[in-house]
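There are 2 protein chains.
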Amino acid sequence: MLFVLPVFAIDNPGVVATSKSSLSDTNFFTLVSDGLPCSILVDESDATGLLIATNNLSHDFGRVTGHDAQIINDLGSAKKLIIVGTLESKFVKAMSKSKQIDTSLLKGKVESYIMTVVGNPLSGVDEALVVVGSDMRGSIYGVYELSEQIGVSPWYDWMDVPVERKENLAIKKGLYTAGEPAVRYRGLFLNDEAPCLTSWVKNTYGTNYGDHRFYARVFELILRLRGNYLWPAMWSWSFYADDELNSKTAQEMGVIMGTSHHEPMARNHQEWARHRGEYGAWDYVTNQKVVDDFFRKGIERAKDNEDIITIGMRGDGDAPMGGKEGHDDEYVARDKETIALLERIMANQRKIIKDVTGKPAEKRQQVWALYKEVQRYYDLGLRVPDDVIILLSDDNWGHVRRVPSKEELKHPGGWGMYYHVDYVGAPRNSKWLNVTPIQNMWEQLQLTYAYGIDKLWILNVGDLKPMEYPISLFMDMAWNAPKYLPENGGLSTLERQLNDFCAQQFGEEQAPEAARIFNLLCKYNGRSTAEMLDKGTYDLHSGEWRQVVDEYLKLEAEALRQYLSLEPSYRDAYKQLILFPLQAMCNVYEMYYSQAMNHYYASLSWPEANKWADNVERCFKRDSLLCADYNKNIAGGKWDGMMTQKHIGYFMWNDNFPADKCPKVFRVNGDVSPNYSFSSSQGYVSIEAPHYQESEDATSGAKWTTIDGMGRTLGGVALMPYTLPVDNACLRYSMHIPTNKDSVTVHIVTNSTLPFLGAPGHRLKVGFQGGVPKQVVINERLNENPENIYSIYYPTVARRVLDTTVRIAVPNADPNGLFVVYHPVNLEIAPLDPGIVIEKIVVDWGGYTDTFLFSPESETVRIVNR
Amino acid sequence: MLFVLPVFAIDNPGVVATSKSSLSDTNFFTLVSDGLPCSILVDESDATGLLIATNNLSHDFGRVTGHDAQIINDLGSAKKLIIVGTLESKFVKAMSKSKQIDTSLLKGKVESYIMTVVGNPLSGVDEALVVVGSDMRGSIYGVYELSEQIGVSPWYDWMDVPVERKENLAIKKGLYTAGEPAVRYRGLFLNDEAPCLTSWVKNTYGTNYGDHRFYARVFELILRLRGNYLWPAMWSWSFYADDELNSKTAQEMGVIMGTSHHEPMARNHQEWARHRGEYGAWDYVTNQKVVDDFFRKGIERAKDNEDIITIGMRGDGDAPMGGKEGHDDEYVARDKETIALLERIMANQRKIIKDVTGKPAEKRQQVWALYKEVQRYYDLGLRVPDDVIILLSDDNWGHVRRVPSKEELKHPGGWGMYYHVDYVGAPRNSKWLNVTPIQNMWEQLQLTYAYGIDKLWILNVGDLKPMEYPISLFMDMAWNAPKYLPENGGLSTLERQLNDFCAQQFGEEQAPEAARIFNLLCKYNGRSTAEMLDKGTYDLHSGEWRQVVDEYLKLEAEALRQYLSLEPSYRDAYKQLILFPLQAMCNVYEMYYSQAMNHYYASLSWPEANKWADNVERCFKRDSLLCADYNKNIAGGKWDGMMTQKHIGYFMWNDNFPADKCPKVFRVNGDVSPNYSFSSSQGYVSIEAPHYQESEDATSGAKWTTIDGMGRTLGGVALMPYTLPVDNACLRYSMHIPTNKDSVTVHIVTNSTLPFLGAPGHRLKVGFQGGVPKQVVINERLNENPENIYSIYYPTVARRVLDTTVRIAVPNADPNGLFVVYHPVNLEIAPLDPGIVIEKIVVDWGGYTDTFLFSPESETVRIVNR
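These protein sequence lines are chains G and Y, in that order. Position 349 (the first sequence) corresponds to 349 in this note's numbering; numbering is contiguous. Here this note's numbering = 1-based position in the second sequence + 866.
Bound conformation, chain G alone (with noise of 0.2 Å):
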């Protein structure tokens, strides 16, 4: 079968899509064909980075064919290749040379690439298929950019996305480019790396800290996915101090490496703080000589490489200047004093770079962040060299705090957007799922490029897992946010990149339900936090709390019939993205809403709380069989210890307390009789018959049983066995009903039984306590006559229930009463035939209107004196 490369690089509008040919079509170049792929030429003498990712190109074609692709550095005997270049390679000085190629194309740009089909590219060479990059990135983009157009996803390693197989690949000849990337610098930020990734770095490397091979992987993802920028984990690790090979790989890669707002001067925190014994207090008015000398040591080891080197300064362990570390929101009072001292600082630290690096300071890319307190001194007046970036931050939920003015947009060093989908801080840390809604992130971003922040954007993405989508969303952004731009189909563009997403991980056919469904995970996930989330936070009596469990479990149904659906090759895949995000979210809810019940419930000593708190149980229980299965079977326990973040038990904004703990449950001992009357402002109780508040049983010996499950709702209650006398059985109902209504209608929903004792059918005796009660044959005409069983028999037995009514008065009421209270009564049932199954009751004094299941239960006070 030939396989036909549908046309990527959508920004180059001279090229069309096709999805039918042959490869002996002359308008196609041939890259695989009967499962072996073509040949990759590089010049051996190229960047590093780009022969690294020629080397994944070519595995990629293995991860496809079955055959990794040859790469050969010296021309041989193919009439056909792959030639991957920067332009600094010999080939391509060849091509260029010899006008087979026109490089032209890729003066003054940055990070791009062409691709084409070239005739007689070389000698000897009939037909190659050329990459050439403007620079290192720009080739490895183009080189990526053929693995994801051969069906290898980004995420193939990161969330197991499959490769299918395909045994001819060919590719449309044409002039192909992504462009130039809208945001300069694009980039991560590995943040909060405990639990999750520390253990599972440490489950996988063996290793306390990240070391390059984990680096390597995270800078292969960055690439894939066209970002160039990576703020590391600083935590407990320091990236710089454990593996001296992290720097290296990133440079070797291609990554440009910063680090975070706090760490200046290209150190760690850790590096720092694991000194803190021989280097004193992190405070430049008491201990400047030895935070210079720290800071100088960074620019020293830094000085050969691409980082990006963050200057200024705040307290120790990301407080504020002069604040405590852990405490990183505290307002300290001192803004001028401040002020001067981090202007002093930063003078002095770009004296250093000056200094070690023996340039000028502004030719050593630097970024200052207005991160928190930080911006207020930009408000104030505190202001950096013109080639600084100024890196904005949003509010760490995700939405942006300040754009620059039209004359602030004038500063020549740009403007950078931290941005978060992680985050630990008030009000509760957010760190164990993604709760950010597409529509918001796009939202806050596009407004982010329409005012014109296009220097850096950064991304904090926690340990990384699980927030692979608002990662792509947010590297397909920064290279291309003008699609996103309302004036440019923004909403549109952002609906075609989730189904595109979609597609990509999961095929065509399965993408718009995947994404739909992903779409609205991210939506009611952007409710709450499951750390934020408690019993109280949606309202119980309103039907609220269920309909949002509702909404869930409707999804969560809906993600199960598609994962049955889905090849099993893509579940592992579809099981990180979507099951089991949404499994787990809805099992919280499922949690807090059962304990929200049980609190109701155990509130009015009704046995059913005891229901609801084994569900509270079997809910948390489940919760860490969830995060088992995540851990120890998706991909055959390949992500061990990543899903390990504490979830259940904040009290605060920190996770401070041991583990995971049960919400609390209370139980309702049996022998306590439940206390409660139904009321309702709504003109009418409507009562599940197993809630009565007391119960005859016959003299006769006949007992009241409750049968669960009978009747549409709850359940029944009949007097059991059907052969003993019924005498001198009641049932009694509590309730409250306005003092102004003298008499009621009650319903007796009943099961559709048929007078099996013959006529006259089954009779009820119905009244309140101190009122005269009324008699009422409830099947009289449930018979085959003809006038019955057409309009009442057949309608009647086939839905399963009988809706008996009578009017019955109220005892004391005051119908002319100036004032209407509600006052408490008693509705007393007493069967006088056996065979009768109550099964709800409703008490009308105006304000019902008949549905199929007799409305729901009306809510119940609690009687504290009775």
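You can trust all of the hints, since none of them are fake.
According to the in silico footprint, chain Y covers these stretches of chain G (three or more CB under 8 Å from chain Y): (1) 474-488; (2) 513-524; (3) 548-562; (4) 792-799.
BS3-like, lysine-lysine: derived pairs with alpha carbons at most 30 Å apart: (5) Lys741(G) <-> Lys1607(Y); (6) Lys621(G) <-> Lys465(G); (7) Lys611(G) <-> Lys1349(Y).
Worth flagging that the hints you see were computed from the coordinates, not collected in a lab. The C-beta atom is built at its ideal place from N, Cα and C for all residues, glycine as well.
Since chain G is already given, all that's left is putting chain Y on it; use the hints.
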């Protein structure tokens, strides 16, 4: 691994269950050792039915171990054996004679067996497990009990229940018996065999009727379930005429045949119908001779077998006497004549029986069915001779019509019950799925037995599938009805029966959850059949419709969780019993709910109507895919044709419509303006922001853009792009509010956008058209100032919405008016800054309580003349 058989025969209180032992334990007899089963000794001249069952037992051992048990007819070298036989077996006689077994336990018993381990039972045999029956069926039940105990479900064939491999099996020594049946005749009625059973038989056997191969499988199932009786399918099939091996097979295997209530004298309706041209009218008045002759041939054919003879007569094709075929509920008002005629008919029928059999009529078991109008004749005094079983019936929907009085109970022939879980008739056929709530069936069957109806129970099961569980429950109750009486713990017996049933099909561990889900499924399905369901069944506006759909979806999610947790070999069975019927019914619910929503929105010319229309069509399509999956994929397509019943498109009771038909939907043309006004009696209206009635874009060109999915519920609305001025833009919402309110509180719920353009923040103008608007700043305090950061800023942004309230005046109010009516007003919202995303609006005149989702959207009324 040693596997010990659980002890069965729970009716034998002398036997105690044990779970641990070893093969060398002298308390146990080894049935399977290292994968090899004992041989089975049977007298080859014993009852054919037993020989057949023994052969099945041999294969059952094969299913368990991979090796069929060897059947031997003579003593050989085996020292340990299983010996099976009736009291007529020469081996049994020998053991009885040598007093190795005590057959007196079976004396005078019906359909009973004992199972016991005997030392030196026969010469040269050290030890044997002996299974002896009081008669052929008793011995067969003993044999199949052993099958069950070694792990073969009675449903292994009809529901593809997997058989677990076991290497070692032993039975605890003891004396086991299941006692005698509580109900003498326990049977099924295959009814309405087209299209499902007919299609499946055609696909499976290539015949247009059920031949003896088909019936042998049915008989085997009945016997494994300890039933003994069958009314064969009779719509277009003729048991006796289609294949003369049918009747022979029944007799050989040990199943007693009957004919349905309207097919007297052991003849099938089709035997007359196919020859109507020749025979003339089915009318005893005008065509007695032919009819009598027809009767006589039935008895001649049946005279040497066990078949129970149905006597009496209905009209042609199950119509009442004197009625028309196809009108079986017709009321024919000539009871006196009919009764006289029936007396004559039955007298003649008994005369024919006597003539043909050569014995008094009372020597041949007969049954007279009081189905439908025939019960009236009984009530009017029509009687049958003492020996005839009087068969009462339910109403076709599972409610017992009548029980015998104490006096009537003295009728020596005894009483029977004809019960339904499948019905062709009013108000709509119920043929597609199992819709009988478990508790309802128990409740009516326990009363059946409690009132002395114990001679014959027969269950109308339609096509047999998917009625697996009701069949099992029916047979279990018929065998051991006393256990199910309330005074003997009826409900807990029922609960245990359901759990045991699920354990037998899915294993002990999965049983409780399967039982819970299945029980709820039956309960929900009992509310309404798919055939009766339509868009109006449930109330839309109270949320009832959504509630019932959500209940199904929750259950489906739970079933899918369980399905995935099953070993794959169990999934076919689970799909048949639980997952298919649940998904199929849930889908039908989703379909009609979507139709209800479609019609509601269409009535308002609201574009969302189209989404719901799509949903109806998607569900309709999915219905056919689910059925196709049942037919084509379960057990590799084994049940092809079994799920072909029409169930969408009923408009009267019968299914005389060509095919399932997609429910009608309405499409809303996007050009038509929606025309509605929000209204509510709850003291407020809540409105989803995208549901504005009119909008004005900004003069600058900024346009109102709906961001689907943003916000907590439906979506957000924003003027975009943000970089253009917002001048003159406005949204207008229509609503009706009480005239006596001169001011209201408006909640404007927006995204928690920060004041990213600087102080004072984002401003809105809010007011009623024709009134004086007020200006409000939505995010004035959304900043990190100490007074805001923890109290306002973080709690708000982490929850992603802002609720800004403003009190505004209502124009044209009449606060002192005598009558309170609702008048139309238009709320106008105008942004004064770009970047505001409006998500929900609540206009409160006194009834609103804060909830997390700002209340479900209020109802709307259509405005006819704007």
